[in-house]
Amino acid sequence: MIYSIVQTAIILSTALFIFSLHWMKDPKTARRGVFAGIAAMTVAIISTMIDPAIINWDYISIAIVLGFVVGIPLSKVPLTAVPQRTALSHAFGGLAAGLVGTAKYYLWLSEGVEQLTTFRMVAIIVEIILGFLTFTGSLMAAGKLQEVKWIPQRPVIYKGQNFINLGLLGIAIVGGLLLVVSPAEYSYLFPGIIVLALLFGVLLIIPIGGADMPTVISLLNAYAGLAAVAMGFVLDNKLLVTAGALDGSSGLILSLIMCRAMNRSFTNVLFGGFGQVKAAAADAEQRTAKTETAEGAAEILEQASKVVIIPGYGMAVAQAQYRIRELYDLLTKAGVEVVFAIHPVAGRMPGHMNVLLAEAKIPYEQLIEMDDINSDMPQVDVVIVVGANDVVNPAARHDKTSPIYGMPIIDADKAKMCFAIKRSMNPGFAGIENELYFAEHTFMLFGDAKAVIGDLVKQLSGSGGGH
Amino acid sequence: MTFKKIFYTISAVILTYGSAFAESKEVATPDYFGLFFVFMLASFIGLGVITRVSRLLHTPLMSLTNAISAIAVVGSIILTGHDYPDYINILGGIALFASMTNIVSGFMITDRMLKMFKSKETKKS
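Protein chains in written order, with the numbering used here: chain A, 883 to 1349; chain B, 16 to 140.
Bound-form chain A, shown alone (with noise of 0.2 Å):
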C-alpha cells in the first residue's frame, strides 16, 4: 500500500517539477512555475514521512525548524547579494549529499558489507567527492562575492597549481577505487578522500576572479545537481535522480550561455586564471578622454529618439539602479524610447542585471539581450554605459592581442554618441584600456554612477519644468 502512494507521489512530483520549469519561460506564467515546486516538494515530503519506519520525530523536527529559521532570513537578502545567496545554497546542497553518502556508507559498513555492492560504493564515492568538493568551493565563492576578509578576492595563482589541483583530486579517485574493490579493507581511506574533496573545492575557486563569477556559481549548480543525481543512485530513488538530472541540466546550460558570452571554454575558466593576464599591456601611448558635464549630457539626452543604457556590475556596486530608473521614467515621459542592453556575464550570476532592474521597477519588455539589440546600435543616438566595461570594448572585435579577443559585445562604439560613466580612467578586472572611452563620439562623465544619474535627472526635471 505504502509502496504505491510513495511511487504515485514521486510520479506526481516528478511532473510538477517539468511544469515549474516550464513556466519560467516567461515572466508572466513564472510565478506559477514556483507553486507548482512547493507543491512537488510537499508530496515528496509528507509521501516520505507516512513511511511507518520512521521514528526519531524529534530530530527531524528540529532540523526542518532550523532550516525554516535560517532559511527565512536567507530569502530575504538584498537583491545585489544574491549570488553571494546562491553560491551559499549550491554549498548546502553538497553538503547535504555528502554527508547523506557519508551515512549511507558507514550505515551499510555496520550491517555488513554484502550491503556495499560495487554499484553502490560507485555511487557513494562519485557522490561524496561532488558533494564535499560542491560544499567547499561554493563556500568560496559566496566568501569571495560578499567580500569577506580572509578570502583573498583577487585570483591566487602560482606555479604548478593545476598539476597540484588535478593531483589532489586523482589522488581521491584511486582511493576511491580503492574502496570499491574492497569497501571494509579499506574503509580508513573514506575519511582521506572527504578532506581530499573538500580541499579539492577550495583550491579550485582560489584562482578565480570576479568576473568569472557567473560561470563559476553555474558550474557549481550543475556540480551540485549531478551530486544528488548521484545521491539518488545510492538511496535507489527515482525522483532524487530526475530532480538532480533537472538542476545539473539548468547549472550545465547556464555555465555554456556564460562561456559563449566570454568566448572562452571550460577548461579555460577553471585552470586559465584569466585575472593576471599582462597587466604589462598597459602602452605609452596616452590618449586622453573627452569629458562632458551633465547639463550638456542632459540637454543632448532631451533631443534623442532612442536611448540604450549599457549597465554592468558597477550599476549594483554604485546602487544606481533606482537613480536609472528616474532618468527612464524622465525620458520616457519626453517621448523618448529607453531600453537596456543586457551582456549575458554583466554582474556576478546569470541575469543578475535583470532582476536588478525589475527590482527598480523597469518594464521586463525594456531588457533586451545583446544579439538582439547590436544590429539596432546604429540607429541609437545615445548610449549611457553605466558601470560596464570590458562587455562593450569594441576591442574584443579587432584587437587580436587583446585578451577578451573574441568575445562577443555590446556594439555601443555604433551609435551615434556614447555616455560612459565611470569613477575613473582605471582600467577593468581584465587590465585592459577600453577603446570605446576614447572614440570620437564619446564622452566621459566622471564620478560615483548614483551621483551623476541623479544629476542628469536633476537637469533633466528642471528643465522639463521650464517648457
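Any given hint might turn out to be false.
What the hints assert, rightly or not - PhoX-like cross-link-like pairs, simulated, lysine-lysine; straight-line CA separation at most 20 Å:
# : chain 1 : residue 1 : chain 2 : residue 2
1 : A       : 1215      : B       : 130
2 : A       : 1188      : B       : 135
3 : A       : 1243      : A       : 958
Quick caveat, the hints were computed from the structure, so don't treat them as lab data.
Computed from a prediction, not measured in an experiment: that's the story for all the values here.
Since the structure of chain A is provided, determine the placement of chain B on it from the hints.
Relative to chain A, chain B alone:
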C-alpha cells in the same frame, strides 16, 4: 504550445512508470538500468525545458532549480527518522537541515524576484 505540454507530460509518465514496473518485481536489488534510464530521460527533458527558459529569468531559474534539487530532503528524512545508530541520525539531521534551508529560502526568494518582473501593461492597470 499544447503539443509541448503533452510531450512533457507523456515523457514524465513514461519516465517514472517505466522504471517503476521494472522495479516492482524485485525490491531487494535496485534496478540499476532503470535508474540510468530515468537519468537519461530526465537529462533530455531538463535540457529541453531549460533552453526555453526566458533569458530574463536566469537568476530566478537558478534559485528555483536549487530548491528543486533540495529534494535530497527525502533521503535525509529517511536517514534521520529510521531506527539507525545515533551518528547516522545526526548526519542525516544535518543534511535535512541543509536541504530544508534550501527549500525554504530557494522557493521564497524565487517568488520574491519573480514578483518584481512587471510588464508595461500590468503597470498601467
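Looking back at the numbered hints, which does the structure fail to meet, lowest number first?
Violated hint (a single one): 1; every other hint is consistent with the structure.
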